[in-house]
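Novice: Same order as they appear, the protein sequences are chains G and E. Just so we're aligned, residue 0 is where the first sequence starts under numbering that gives the first Met the number 0, counting upward by one. Just so we're aligned, residue 0 is where the second sequence starts under numbering that gives the first Met the number 0, counting upward by one.
Please note that a few of the clues may not be correct.
To be verified - Covered stretches of chain E (chain G as the covering partner; in silico rule of three or more C-beta atoms under 8 Å from a C-beta of chain G):
(1) 49-59
(2) 101-107
(3) 110-117
(4) 129-136
What the hints assert, rightly or not - With the C-beta cut set under 7 Å, the calculated list includes, among others, these residues of chain E facing chain G:
(5) Leu141
(6) Pro142
(7) Ala268
(8) Tyr272
(9) Leu276
(10) Tyr301
(11) Pro304
The set of hints was computed from the structure by calculation and includes no laboratory data. Heads up, the beta-carbon is just placed ideally off N, CA and C, and yes, glycines get one too.
Each chain, written out:
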Amino acid sequence: MLGQVVISGILSGALYAMVALGLALIFGVMRIINIAHGPLLMLGAYATYFLYSALGINPFLTVPVSMLALFVVGALLERTLVFRVVDAPELSSLLLTFGISIALVNLAQLAFTSDLRSVEYLTGAWLVGPFALSKARLVAFVFAGALTGLAFSFLQWTRLGKAIRATSQSREVAMVCGINVQRIHLFTFGLAAALAAAGGALIAVIVAIQPEMGQIWTFKSFLVIVLGGAGNYPGALLGGILLGLIEQVASLFLTTQLSEVVAYVLLVLVLLVRPAGLLGGRQT
Amino acid sequence: MRHRSAALVALAAVVAALVVYPEFASGYGVRATLQVFMWIVLAGSWNLISGLTGYVSFGHVAFFGAGAYTGAILVAKAGWSWGAAALAGGLAACVLALVIGYPCLRLKGPYFAIAMLGLNEVLRALVSYFEGLTGGGNGLSLPTLDATVPIYYVMGASAALVTLATYVIITSRFGLRLMTIREDEVAAEAMGIDTARHKLYAFLLSAAGPGVAGALTARDQGYIEPISVFPLATTITMIVMVLFGGKGTVWGPVLGAVVLFVAQEVVWARYPYVYPLLFGAIIIVVVLLMPRGVLGLLQIRYRLPRTI
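Okay, chain G solo, but in the shape it has when bound (with noise of 0.2 Å):
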């Protein structure tokens, strides 16, 4: 049982990790707390099941394609609207980025009706030993990792990468140093809404979708980046595993609809006792 606790918690926990690398990485270079990163997860989704459903693409194929659309979203806000509120109180930032959340929920709403829709695609399970690991979750966590892993040596090795740490450790002297300050803001909104679309293309094919299924992915991703300590790339990895690994164990003892308050109580509790989160401290 427990076994099987760890390995779903896992499964699950690479999924937060990235997505919550996006929220992360805005908040590492903009001072911004996206709350529209949910929403831009939900609009991956439905480009992935549209894709899945009208063109009839393999739905792990269309995770790239996803990636690249949500992109030129994110890039397209960054350079419309959230690079006036950078620099301005976060007051703006929040209210501006939360006007942007409603919006596209409700343009979806509009777009797509409330109707739950789903990926039927690689549904069953594996059995390996005492253990049943589900097709999707499996392959979604495969591809969650990759990202990840990809997403970890583009900061590390590229010249773009190592202007992004650069700008998020100081960009005042990022500027000194001849970083196109502005460019790695709207590059960086673009691929935050790009893992973030990753993420809600993975999860279109394990979970029915919604245009409101987003507002929980902000909290969780937010729940991820304060574990792992916020600006902390790194730490996100840890927070997500740590998330899975919690949510899983507390759904043995309680109901779901519990578990997720339990997510709650750690937010708070991790809040009072290690604000700077269980890594501590910025690491880029």
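Once you have looked at the hints, place chain E on chain G.
Specialist: Coordinates of chain E only, in the frame set by chain G:
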């Protein structure tokens, strides 16, 4: 000074008209005005924490719901009168605000905002879980009682009280300290303001109104369920009302509540799907183009005092 006394006379006339209104009005008129009062209470209360200290509360409807359930349980299961239950609803909301605010307000803005975003979902889950007390997803029915007109007066008095409290706070040293926190929290601390305590006081004040309004609404509607008292839409509406009218002002929430409620009644009937989308658009436009709302624009253009 002439302007000031003219404004006071006009205000007294509006209040007097609202007092005698139920004698003449149709049932719909009284209900609609009651709704406007409720929105004034909610928007005015949100303004106290978010407009004055700049700490955005994305889950303020949680206090409304907590008040509604406290009031409804006391009326339905313990046989309290609705007046006492409304006070208890306000108190319950304050207790909740203390529990949440104590840890979360010690942190800077975004943490508080997201913690509030989650609070609402959590309360809804808890209410659904404790079925024995709350009726769970089936909801909770209150004994039938036609008290719309007395509730109209109590809700109206609450709206007046919240607006008066906002005026008193904005013109006091306490209010100045809150606004200092909003403008620069580090500077406020350096000046010797106990920021955590001030934020907590403002938060408690902002929770009481929605708690009372929730208990009154529960009594008036006679039936509550988790979906009806914890909708995210309510938080969105109060935020939009305050932003539109002018955050951090006395009359901004009132203006926003009246204008947007009327707009909602007119637009809602025809385009039910477009209207929530419009709210998102209003938030974006207000934040980018007129961060101080309609009243803020008027204050600048006509050199009105800060205390309106």
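Novice: Each of the hints needs a verdict: does it hold here or not?
Specialist: Okay, the hints, checked on the actual structure:
no.	hint	result
1	49-59	holds (count 4)
2	101-107	holds (count 5)
3	110-117	holds (count 6)
4	129-136	violated (count 0)
5	Leu141	violated, 24 Å
6	Pro142	violated, 29 Å
7	Ala268	violated, 18 Å
8	Tyr272	holds, 5 Å
9	Leu276	holds, 4 Å
10	Tyr301	violated, 25 Å
11	Pro304	violated, 23 Å
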